[in-house]
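**Q** Produce the entire structure from the sequences given, and follow the hints as far as they go.
Mapping to my numbering: the sequence shown position 45 is 799, numbers consecutive.
I should point out that these hints are in silico values taken from the structure, not numbers from a laboratory. Here the structure is a predicted model, which means the values were calculated and not measured. Do not rely on the hints blindly, as some may be mistaken.
[As the list claims (entries may be wrong)] Taking lysine to aspartate or glutamate and the DMTMM-like style, the derived pairs with C-alpha atoms no more than 20 Å apart in a straight line are:
#, residue 1, residue 2
1, K823, E759
2, K927, E912
3, K834, E872
4, K944, D831
5, K770, E846
6, K837, E916
7, K956, E860
8, K804, D762
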Amino acid sequence: MEFNEFKDFGLEIILKVLKKTDDEIKRYREIEDLEGVKTLETEVLTKYEKLYEGFISEKLKDIDGEQLKVLYTSLMDIMKQNKMDVAFIEGEMEKREKLAGNSGAEAVRNLYNYQIEELEKKKALLLKDAEVILDKEAALEAALSEAIQEDEQMEIIEKMPEVRRAYGEISQKIMTLQKKIGHLKEKVEKGWPCDIYGTISKDELMSIFNETIS
755 MEFNEFKDFG LEIILKVLKK TDDEIKRYRE IEDLEGVKTL ETEVLTKYEK
805 LYEGFISEKL KDIDGEQLKV LYTSLMDIMK QNKMDVAFIE GEMEKREKLA
855 GNSGAEAVRN LYNYQIEELE KKKALLLKDA EVILDKEAAL EAALSEAIQE
905 DEQMEIIEKM PEVRRAYGEI SQKIMTLQKK IGHLKEKVEK GWPCDIYGTI
955 SKDELMSIFN ETIS
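**A** Next comes the structure, spelled out in structure tokens:
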């Protein structure tokens with residue numbers, strides 16, 4: 755087996771395990787089994803994420819023949835543990851190559867990037883609103899420092915809590931959006947959350963998605 759073929763072979767095995775693990779985590783989340791989610795994320799997902807990173811790294815080329823044999827044996831063990839065989843993996847490799855550029859992986863990656871752009875737009879609008887509120891607060895504070903009459907001071911002070919409450923609400927919305935943006939960016943940067951869909955077409959993925967939400 756040539757190096758590039760070995761690399762693709764290993765990646766396909768790892769992606770299949772990552773897909774299986776990702777599906778299991780989603781099922782645990784649906785039934786609100788947080789302990790199950792935590793166990794899979796720490797004991798399984800982290801391990802295979804590191805393997806995925808290793809296989810897409812240029813450093814893989816530096817591994818010598820003996821190390822490659824050990825790695826190949828490990829891959830065989832992973833296949834056995836996950837009830838996969840060589841013929842199945844080779845078939846999935848062929849699908850991935852055939853669908854390159856038109857697979858579910860590209861569709862998911864494009865979707866994530868689109869969602870990021872839309873959320874960034876919403877965040878930008880909220881940031882503008884936050885600036886307006888901060889300007890109002892600054893104006894009230896300036897007016898308070900210049901107010902002489904007690905009733906005038908009290909009128910200004912009574913307005914402050916409402917302004918600060920509005921700012922707090924917007925700040926919370928911005929934080930929520932930023933968390934969603936960060937989560938999506940992490941998926942795109944990691945790569946595998948998109949690549950696990952590389953052996954089905956965009957149309958197949960859309961069909962599965964429609965069945966899920968119907």
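**Q** Are the hints correct? Go through all of them and say.
**A** Each hint tested on the structure:
no.	hint	verdict
1	K823 to E759	holds, 14 Å
2	K927 to E912	violated, 25 Å
3	K834 to E872	violated, 43 Å
4	K944 to D831	violated, 25 Å
5	K770 to E846	holds, 9 Å
6	K837 to E916	violated, 61 Å
7	K956 to E860	holds, 8 Å
8	K804 to D762	holds, 16 Å
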